[in-house]
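Peer 1: This is what each chain is made of:
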Amino acid sequence: MALVEDIKISEPRISEATPRDYFDLLKPRVMSLVVFTALVGLLVAPGSINPFIAAVAILAIAVGAGASGALNMWYDADVDAVMSRTAKRPIPSGRVGREETLVFGLILSVLSVMTLGLVTNWVAGGLLAFTIFFYAVIYTMWLKRTTPQNIVIGGAAGAFPPMIGWAAVTGTLTMESAVLFMIIFLWTPPHFWALALFKLRDYEIAGMPMMPNVVGERATKRQMLVYSVLLAAFAVLPWPLGFAGPVYGIAAIVLGANFIRHALAVWQMADGDATMVPAKKLFGFSLTYLFAIFAVLFVEIIVMRVLA
Amino acid sequence: MSDNRPSIELTDAQQKARRKRSIAIALCLAAFVVIFYAVTVIKLGPDVLNRPL
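Chains U and W, in that order, are what the protein sequence lines are. Just so you know, we're using the numbering used here here: the first sequence kicks off at 4 and counts up by one. Just so you know, we're using the numbering used here here: the second sequence kicks off at -18 and counts up by one.
Extracted from the complex, chain U is given alone in its bound form:
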């Protein structure tokens, strides 16, 4: 494998990296989703938490998620360099070295877990440690390059933040927080496979076993539809389970129906369709969907608390 040797790393040189480059190692866009879902988990949880403690807990979860992103970039520098989507990341573009990234990721991992554990409780701290381990080791080092189920199982790492937020308040893992986990867990496959469909060539060049280039487009689209239906069903659950009201319930039904509609369009898309418009639309909508689901849950709970 000559992939790694093609990148200019590890030459003795004086760094020109700016704080911005280190910030980019934390995958700020993924972090924004983590912050948002963790915050909703924290606010929806029964019980009270000091607002400053809550802010520190969210910061610790965000930094922990960022640390796992940095560890991912450290390990994946070789494949990132050959994919158009990731070629401009700090390591492949030569702005930050691999060793610095590894140390940066490890230090932030330890600091974030210690901070969350000390400030809230060790159930939350332990869960954050497990999430970082799951994303960096189970997903990045093991599954990502070996199985097309990589993002299905790896998706669990992205689904933990609302559970961590919940645990920060209650110190427990419950059915309700597991439902929030399941919503993100089931959302991940259709979201990423939509991306994989229109970035298929990239993943092929990088030799990554994504679902479309292993089992074909047809089978992938069918699986995306199945996950979309499961997602739409699970997303309604907070309403019957009683930790969300009818406003959330109806919003979840409407959003879920739209998600299935987009997934159906992808399913009906002709194989070999080069423009991939429905897949791009599903990818875009999936982001809106997740933000909307958690935003409605968040707003409804806040309004209900203010009125109560």
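In case anyone wonders, no lab produced these hints; they're calculated from the structure. Keep in mind that the hints are not guaranteed to be accurate.
Straight line, CA to CA, 25 angstroms or less: simulated PhoX-like cross-link-like pairs of lysine-lysine [to be verified]: (1) U:K30 / W:K1; (2) U:K30 / U:K147; (3) W:K(-3) / U:K91; (4) W:K(-3) / U:K30; (5) U:K30 / U:K284; (6) W:K1 / U:K91; (7) U:K147 / U:K91; (8) U:K283 / U:K91; (9) U:K283 / U:K147; (10) U:K283 / U:K30; (11) U:K91 / U:K30.
Assemble chain W onto chain U, guided by the hints.
Peer 2: Okay, now just chain W, sitting in the frame of chain U:
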């Protein structure tokens, strides 16, 4: 005792980047100290003095 190794002259870009990194580290450390001070006050309050000696 003299050091005969050639000294390394940093370019402007390298110096600027190093200064920015130093400032960022300083700000992060300061924030860390403030956070733990505030958390200690919130979690313990006056009890911070109320311990067996």
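Peer 1: Each of the hints needs a verdict: does it hold here or not?
Peer 2: Hint check results:
A hinted pair counts as satisfied when its Cα atoms are at most 25 angstroms apart, and U:K30 with W:K1 qualifies at roughly 20 angstroms. Using a Cα cut-off of 25 angstroms, the hinted pair U:K30 and U:K147 holds, with the two alpha carbons roughly 17 angstroms apart. For the proposed pair W:K(-3) and U:K91, the alpha carbon gap of about 22 angstroms is at most 25 angstroms, so the pair holds. A distance of roughly 24 angstroms separates the Cα atoms of W:K(-3) and U:K30; the hinted pair therefore holds under the 25 angstroms criterion.
For the proposed pair U:K30 and U:K284, the alpha carbon gap of about 23 angstroms is at most 25 angstroms, so the pair holds. Simply put, W:K1 and U:K91 have alpha-carbon atoms about 21 angstroms apart, close enough for the 25 angstroms limit, and the pair holds. Of the supplied pair hints, the one linking U:K147 and U:K91 holds, its CA atoms being roughly 20 angstroms apart against a limit of 25 angstroms. For the hint pairing U:K283 with U:K91, the CA-to-CA distance comes to about 21 angstroms; that is within 25 angstroms, so the pair holds.
Simply put, U:K283 and U:K147 have alpha-carbon atoms about 22 angstroms apart, close enough for the 25 angstroms limit, and the pair holds. A distance of roughly 21 angstroms separates the Cα atoms of U:K283 and U:K30; the hinted pair therefore holds under the 25 angstroms criterion. Taking the CA atoms of U:K91 and U:K30, the gap is about 12 angstroms. The hint holds against a cut of 25 angstroms.
In terms of the numbered hints stated before, the structure departs from none.
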